[in-house]
Amino acid sequence: MSDKTTQDTNQLIQQLALSQAQQQAEDEIDLAELWRAIWAGKWLIIAMTSIFAVASVAYALSLPNIYKSEALLAPASQEEGGMGALASQFGGLASLAGVSLGGGGGIDKTTLALEIMKSRLFVANFIEQHQLLVPLMAAKGWNRSTNELIFDADVYDTANKKWTREVSAPFKPKPSGQEAYIEFEKIVSINRDDTSLMVSISVKHYSPKVAKQWVDRLVDAINLEMKTRDLTEAHKSIAYLEQQLGKTKLNELQNVLYQIIEEQTKTIMFAEVREQYAFKTIDPALAPELEYGPKRALISVSGGILGSMLAVIFVLIRFFSKKI
Numbered sequence: 000m001s002d003k004t005t006q007d008t009n010q011l012i013q014q015l016a017l018s019q020a021q022q023q024a025e026d027e028i029d030l031a032e033l034w035r036a037i038w039a040g041k042w043l044i045i046a047m048t049s050i051f052a053v054a055s056v057a058y059a060l061s062l063p064n065i066y067k068s069e070a071l072l073a074p075a076s077q078e079e080g081g082m083g084a085l086a087s088q089f090g091g092l093a094s095l096a097g098v099s100l101g102g103g104g105g106i107d108k109t110t111l112a113l114e115i116m117k118s119r120l121f122v123a124n125f126i127e128q129h130q131l132l133v134p135l136m137a138a139k140g141w142n143r144s145t146n147e148l149i150f151d152a153d154v155y156d157t158a159n160k161k162w163t164r165e166v167s168a169p170f171k172p173k174p175s176g177q178e179a180y181i182e183f184e185k186i187v188s189i190n191r192d193d194t195s196l197m198v199s200i201s202v203k204h205y206s207p208k209v210a211k212q213w214v215d216r217l218v219d220a221i222n223l224e225m226k227t228r229d230l231t232e233a234h235k236s237i238a239y240l241e242q243q244l245g246k247t248k249l250n251e252l253q254n255v256l257y258q259i260i261e262e263q264t265k266t267i268m269f270a271e272v273r274e275q276y277a278f279k280t281i282d283p284a285l286a287p288e289l290e291y292g293p294k295r296a297l298i299s300v301s302g303g304i305l306g307s308m309l310a311v312i313f314v315l316i317r318f319f320s321k322k323i
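Okay, so the sequence shown: first residue is 0 according to numbering that gives the first Met the number 0, each after it adds one.
For the record, the hints were derived by calculation from the structure and aren't laboratory data. Do not take every clue at face value.
Said to hold, decoys possible - No more than 27 angstroms apart at the CA atoms, straight line, and that leaves these computed lysine-lysine pairs for DSS-like:
(1) K203 to K265
(2) K185 to K117
(3) K139 to K208
(4) K185 to K294
(5) K171 to K226
(6) K185 to K208
(7) K139 to K160
(8) K139 to K235
(9) K117 to K246
(10) K203 to K173
(11) K171 to K139
(12) K246 to K235
(13) K203 to K117
(14) K208 to K294
(15) K160 to K173
(16) K41 to K117
(17) K185 to K279
(18) K67 to K185
(19) K294 to K139
(20) K171 to K265
(21) K117 to K321
(22) K235 to K108
Can you make the complete structure from the sequences, with help from the hints?
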């Protein structure tokens, strides 16, 4: 009984080995057939690859140059230690007069400034104040010899200063603030290094002059915005504190209020005398001499590879369809 079982087992092993050998042979035959099919369609593959490569080169050369200007900024010291010390020392006493000195928590000024720069309201005001809607939404290139932007006539009529683009509802010929904000986000980059805390602001545009100009304006705009906010808050605080002084008779509380007024006055003086209020420029923006993009070599190579892949797929599909 055991001998018969052994023979059956050996036969089964031999059958499995034979089946695997046949499968390997079939796979080799299939690979050989695939290679012959590809070789038979080599001229088609070469032709399609060449067509795609030439078309990709032509497309890459037709794209306008993009220039990138960048500035490196350092967060300016806000010098708020005085208010922090007062909050820890006299916070409870000041609350008797209805004055809140804060607690030292919350978001820091640099993070607040960066979030403001990315906000829709700030971007909308920035675009409107500097009249950037036309160069943002209608420009399609830059003339190096005249140093002027080239505008798309299908979008904006420069002679009559009229928007001519054809859009469907709810859009209008003149781009909305939301459209401008989306386009602005594509060309403006604001990044903060978590290690060095340095901030970089970059703008990509057809014109190197425009790219540099917008970076400079963004830096000036956020410094002015943060300065205006602090000045407004300080003036309101002083006015409120002076009212509270007239309502209290406690000498200790009056001394606290006077110290708070002094700190707010320092804030006003600090804001008035420094132009770069929120950020100091470490490396200013320059009008770049070399283009940032497009990556024409990459586009051309990618087009050729895509053409060859499509040609091989087409040849293989044709080969298998004939076998069916």
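Taking the hints in turn, this is what the structure says about them:
{"no.": "1", "hint": "K203 to K265", "verdict": "violated (39 angstroms)"}
{"no.": "2", "hint": "K185 to K117", "verdict": "holds (12 angstroms)"}
{"no.": "3", "hint": "K139 to K208", "verdict": "holds (15 angstroms)"}
{"no.": "4", "hint": "K185 to K294", "verdict": "holds (17 angstroms)"}
{"no.": "5", "hint": "K171 to K226", "verdict": "violated (36 angstroms)"}
{"no.": "6", "hint": "K185 to K208", "verdict": "holds (18 angstroms)"}
{"no.": "7", "hint": "K139 to K160", "verdict": "holds (16 angstroms)"}
{"no.": "8", "hint": "K139 to K235", "verdict": "violated (47 angstroms)"}
{"no.": "9", "hint": "K117 to K246", "verdict": "violated (42 angstroms)"}
{"no.": "10", "hint": "K203 to K173", "verdict": "holds (22 angstroms)"}
{"no.": "11", "hint": "K171 to K139", "verdict": "holds (20 angstroms)"}
{"no.": "12", "hint": "K246 to K235", "verdict": "holds (17 angstroms)"}
{"no.": "13", "hint": "K203 to K117", "verdict": "holds (16 angstroms)"}
{"no.": "14", "hint": "K208 to K294", "verdict": "holds (21 angstroms)"}
{"no.": "15", "hint": "K160 to K173", "verdict": "holds (11 angstroms)"}
{"no.": "16", "hint": "K41 to K117", "verdict": "violated (53 angstroms)"}
{"no.": "17", "hint": "K185 to K279", "verdict": "holds (25 angstroms)"}
{"no.": "18", "hint": "K67 to K185", "verdict": "holds (12 angstroms)"}
{"no.": "19", "hint": "K294 to K139", "verdict": "holds (17 angstroms)"}
{"no.": "20", "hint": "K171 to K265", "verdict": "violated (49 angstroms)"}
{"no.": "21", "hint": "K117 to K321", "verdict": "violated (59 angstroms)"}
{"no.": "22", "hint": "K235 to K108", "verdict": "holds (19 angstroms)"}
Checked against the numbered hints given earlier, this structure breaks hints 1, 5, 8, 9, 16, 20 and 21; the rest are met.
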